[in-house]
Amino acid sequence: MKSTSDMLILTFMLIFILMMNPLLMGIMLLFLSLTISIMSGYLLNNFLFSYILFLIFISSLLILFMYMINIQSNILNNSLNKIIIMMMMIYIMMNKNYSLILSFMKIKMINLFLFQKFFTFPNNLMIIFIIMYLFLTLTISLFIIKIKYGPMRK
Numbered sequence: 345m346k347s348t349s350d351m352l353i354l355t356f357m358l359i360f361i362l363m364m365n366p367l368l369m370g371i372m373l374l375f376l377s378l379t380i381s382i383m384s385g386y387l388l389n390n391f392l393f394s395y396i397l398f399l400i401f402i403s404s405l406l407i408l409f410m411y412m413i414n415i416q417s418n419i420l421n422n423s424l425n426k427i428i429i430m431m432m433m434i435y436i437m438m439n440k441n442y443s444l445i446l447s448f449m450k451i452k453m454i455n456l457f458l459f460q461k462f463f464t465f466p467n468n469l470m471i472i473f474i475i476m477y478l479f480l481t482l483t484i485s486l487f488i489i490k491i492k493y494g495p496m497r498k
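Residue numbers for the sequence shown follow this note's numbering, beginning at 345 and rising by one.
Just so you know, not all the hints are guaranteed correct.
[Said to hold, decoys possible] Computed beta-carbon distance windows for the label pairs:
{"no.": "1", "residue 1": "N467", "residue 2": "K490", "range": "34 to 40 Å"}
{"no.": "2", "residue 1": "K490", "residue 2": "T464", "range": "38 to 44 Å"}
{"no.": "3", "residue 1": "M357", "residue 2": "L388", "range": "20 to 26 Å"}
FYI, nobody ran anything at the bench for these hints, they're computed from the structure. Note that the structure is a prediction, hence the values are computed from the model and not measured. Glycine residues also receive a C-beta, built at the ideal position from the N, C-alpha and C atoms.
Please build the complete structure, drawing on both the sequences and the hints.
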């Protein structure tokens, strides 16, 4: 499962570099964030953090889609076939380097233990502070804008 998700992440990242269309970039970011969220859920054995991460990605992608659909109305994309062929080639090449992927998995297990330090006692207070700060800035910005006045831009 982990090696397959690693291959998917690498493939999506390489395809993202080749994309020129903002809507296709957004779709690729959606797939990439879904894969990363699932992988982090399996690594942490807790899907709460990955669920929150995925919701943050989705909310930003919805804003991106809203702006890009207004800008780009009926432009065709002809490079999709090239991207699909490249994705298949990358998948075949990654399958042959399976032992290389297994060595990276050992490094990931070490990183997992380092990642869990953020959620232990002294550091979890900082995370709670950051969450409260973001919530406070959200409520203050909503208070400043006031819904009866409409959007901030004119």
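Consistency of the hints with the structure:
1. N467 / K490: 34 to 40 Å: holds (37 Å)
2. K490 / T464: 38 to 44 Å: holds (41 Å)
3. M357 / L388: 20 to 26 Å: Because 21 Å falls inside the window, the suggested range holds.
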